[in-house]
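S.K.: Chains as they are written, first to last, in this note's numbering: chain A, 1022 to 1448; chain B, 51 to 197.
Hints are computed from structural coordinates only; laboratory data are not their basis.
Check before you lean on any hint, since a few could be wrong.
[What the hints assert, rightly or not] Below, in silico cross-link-like pairs of lysine to aspartate or glutamate (EDC-like), each with a Cα-Cα straight-line distance of 20 Å or less:
id	chain 1	residue 1	chain 2	residue 2
1	A	1395	A	1356
2	A	1204	B	162
3	A	1098	B	148
4	A	1204	A	1277
5	B	94	A	1356
6	B	94	B	148
7	A	1098	B	187
8	B	179	B	158
9	A	1409	A	1375
10	B	121	B	158
11	B	134	A	1201
12	A	1447	A	1356
13	A	1388	A	1277
14	A	1437	B	148
15	A	1098	B	108
16	B	88	B	162
17	B	94	B	108
18	A	1151	A	1181
19	A	1391	A	1356
20	A	1279	A	1181
21	B	189	B	108
22	A	1279	A	1321
23	A	1391	A	1332
24	B	94	A	1327
25	A	1204	B	187
26	A	1293	A	1150
27	A	1293	A	1277
28	A	1409	B	162
29	A	1061	A	1332
30	A	1117	A	1073
The structure presented is a predicted model; accordingly, all values stated were derived computationally and were not measured.
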Amino acid sequence: MKKNLTRYLLLPAALVGSLSLYALTTPPTLVADANNAGLKLPTGFSALVVAETGARPRHLTITPQGNIYVKLNRVNKSGQGILMLQPTSGGKAEVKTGFGNYGGTGMYYKDGYLYASSDQEVFRYKLNDKGEVTNPSQPEKIVTGLINRRQHESKSIVLDNAGNVYVNVGAYSNSCQQRDRQKGSLGQPNCPILDSAGGVWQFKANQMNQTYGNGKRYVTGLRNVVGLDWNQQDNQLFVMQHGRDQLHDIFPDLYDAKQSAQLPAECMYAVKPGDNAGWPYMYYDQVQQKKILAPEYGGDGKKEADTKFIDPAAAFPGHMAPNGLLFYTGNMFPERYKNGAFIAFHGSWNRAPEPQAGYFVVFQPFKNGKPDGKWEVFADNFAGAPEKVASGRADHRPCGLAQAPDGSLYVTDDAKGTIYRIFYNKK
Amino acid sequence: MQKLSILCFLVFLSLPLAAQKKPAPKPKAPAASAGASKSIAAGKQIYSQYCLSCHQADGGGVQNMNPPLIKTSYVLGDKTRLTKVLLNGLQDVDIDGEPYNNVMPSHDFLTDQQIADVLTFVRNSFGNKATAVSAAEVKAVRAANKK
């Protein structure tokens, strides 16, 4: 009798067990929103709104279990700077918890840890086997004391496969002038900003309370990087630089308003330790395809810069503000997207009085770990209308990118707070 | 001085008009004095050349970076404080509770008249309505600013 009872009890248990296994292994069906949530996409792709956060989400990351962690620019009304969302149905998700009493940009998942940055520190949180943060109020502070003087404050982060974290420390200046952004003011000799900013620093992912002295200036001469990613094919760091502003405002005799809107390029760099990308001494002119000496340091728009500065891997039109970079390693999208780069362009302001540009997600094809061919607009119309692009009064502004376990692409918008998900419909 | 008082008078006149819920037949736009409209026109030029790239054509600024010039306490408020923003620039200061991460460079290279014109333009554009700033006022602020 006892034996029988156990058998009766075991059967439903086994059933429930196999059902939940089924739920885990079958990817949920993704249901596109009407009109693809307003986005314009290549044929075969669809989009949906995952959630409205009502905040300003910057970067985001997704755990293997499908939990979505989003870093907010500023804490929300409940004082939370990180939101955790879990899937509901149709590909959507809802906010489950929030924690982290600091605003910031960086958010990255790696090997069972969640990494997050404020504008001067980097933290990490241990995740359990459900992908949940176990101790939200007591993260490990791995980096502290990074410089933050408001301008170019985002401490974007990424990890390699050898236990290192890479942290952007943006230059608190436009072009290292003696008087920042002042018409005609010349560059400071031997730009002192580069000692503690204007580059990417490398730290250990598992050591506490590291400061500049514990880290390594991995690459210098980068004005500001918001989008960065580790390229798994090359095993190399790639960054997107925000190029300098205001060539015309500062040197009206050398540049007209049109040139100033177009120049300099927003550059993608593939970096090696010790590289120098040349800020503030040069900028990359994508029309002449040359490294040009900055006018603050004696340039005239034509004189070339020192050849010791590295060349960009790819160059994009000026001022479009690349805020997210993601190498696509998923299997959902067609083969040509594999190992290529998606770039979220936040959109320009420094093209005025010329029309503004950007507010879209771009795809840059890659072959053997190198850019191959021209970039193309992948997801467009975040702004809502062409006039809203031109005026810069965009409804939504793309910022962070993340790849879900199923290979779909998530995009945050830090203007209205929308989180989008873009997926491919297999034919 | 006379120009100024005419302008003040006009602003005074337009106040009750603005307060009225339904101004019956739409009144003709209050014709600003010749002096003020000249200053506003000259200020518009200065604005396009030196301010527009940051504060934008519509004066709406750029989220998180450059503040709007629409009905802020600086634009509509004390003229001395406003003039000092242009003379000295501004950095690390929240505007009406919002932080902005860019810097406002000093524009002390503009003449007293140019600063007066651009501020008069800003104070009478983008939905703002406030008294004109005169070159004499800018001159006085600049002198006291030097020390």
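S.K.: Each hint should be assessed against the structure and marked as holding or not.
M.R.: Each hint tested on the structure:
Taken as a hint, the residue 1395 of chain A and residue 1356 of chain A pair is honoured in the structure, with Cα atoms around 17 Å apart against an allowance of 20 Å. Restraint check for residue 1204 of chain A and residue 162 of chain B: the C-alpha separation of about 17 Å stays at or below 20 Å, so the hint holds. Taking the CA atoms of residue 1098 of chain A and residue 148 of chain B, the gap is about 15 Å. The hint holds against a cut of 20 Å. For a cut-off of 20 Å, the pair hint linking residue 1204 of chain A to residue 1277 of chain A stands: about 14 Å separates their Cα positions.
As the CA atoms of residue 94 of chain B and residue 1356 of chain A are separated by approximately 53 Å, the hinted pair breaks the 20 Å bound. Among the hinted pairs, residue 94 of chain B with residue 148 of chain B is inconsistent with the structure: their alpha-carbon atoms are about 26 Å apart, more than 20 Å. Taking the CA atoms of residue 1098 of chain A and residue 187 of chain B, the gap is about 43 Å. The hint is violated against a cut of 20 Å. Restraint check for residue 179 of chain B and residue 158 of chain B: not satisfied, since their Cα atoms lie roughly 25 Å apart, outside the 20 Å limit.
With a CA separation close to 13 Å, the supplied pair residue 1409 of chain A and residue 1375 of chain A stays within the 20 Å bound. Simply put, residue 121 of chain B and residue 158 of chain B have alpha-carbon atoms about 24 Å apart, too far for the 20 Å limit, and the pair is violated. Of the supplied pair hints, the one linking residue 134 of chain B and residue 1201 of chain A holds, its CA atoms being roughly 17 Å apart against a limit of 20 Å. Distance check on the hinted pair: residue 1447 of chain A and residue 1356 of chain A sit about 12 Å apart at the alpha-carbon level, within 20 Å; holds.
For the given pair, residue 1388 of chain A sits about 37 Å from residue 1277 of chain A by alpha-carbon distance, which is inconsistent with the 20 Å threshold. Distance check on the hinted pair: residue 1437 of chain A and residue 148 of chain B sit about 17 Å apart at the alpha-carbon level, within 20 Å; holds. At most 20 Å may separate the alpha-carbon atoms for a hinted pair to count; residue 1098 of chain A and residue 108 of chain B exceed this at roughly 30 Å. Taking the CA atoms of residue 88 of chain B and residue 162 of chain B, the gap is near 15 Å; set against the 20 Å cutoff, the hint holds.
Between residue 94 of chain B and residue 108 of chain B the alpha-carbon distance is near 12 Å, which keeps this suggested pair within the 20 Å criterion. The hinted pair formed by residue 1151 of chain A and residue 1181 of chain A fails the criterion: a straight-line CA distance of about 23 Å is larger than 20 Å. A hinted pair counts as satisfied when its Cα atoms are at most 20 Å apart, and residue 1391 of chain A with residue 1356 of chain A qualifies at roughly 16 Å. For the suggested pair residue 1279 of chain A and residue 1181 of chain A, the alpha carbons sit about 40 Å apart, so the restraint of at most 20 Å is broken.
This hinted pair does not check out: residue 189 of chain B and residue 108 of chain B have alpha carbons roughly 28 Å apart, beyond 20 Å. Only pairs whose Cα atoms come within 20 Å are accepted, and residue 1279 of chain A paired with residue 1321 of chain A is accepted, the gap being roughly 16 Å. Note on residue 1391 of chain A and residue 1332 of chain A: the hinted pairing holds, with a Cα-Cα distance of about 13 Å set against a maximum of 20 Å. At roughly 41 Å between alpha-carbon atoms, residue 94 of chain B and residue 1327 of chain A are farther apart than 20 Å, so this suggested pair is violated.
Taking the CA atoms of residue 1204 of chain A and residue 187 of chain B, the gap is near 24 Å; set against the 20 Å cutoff, the hint is violated. Between the alpha carbons of residue 1293 of chain A and residue 1150 of chain A the distance comes to roughly 35 Å, so the proposed pair goes past 20 Å and is violated. A hinted pair counts as satisfied when its Cα atoms are at most 20 Å apart, and residue 1293 of chain A with residue 1277 of chain A does not qualify at roughly 35 Å. A distance of roughly 36 Å separates the Cα atoms of residue 1409 of chain A and residue 162 of chain B; the hinted pair therefore is violated under the 20 Å criterion.
The hinted pair formed by residue 1061 of chain A and residue 1332 of chain A fails the criterion: a straight-line CA distance of about 33 Å is larger than 20 Å. Taking the CA atoms of residue 1117 of chain A and residue 1073 of chain A, the gap is near 13 Å; set against the 20 Å cutoff, the hint holds.
Hint compliance for this structure: hints 5, 6, 7, 8, 10, 13, 15, 18, 20, 21, 24, 25, 26, 27, 28 and 29 are not met, and every other hint is.
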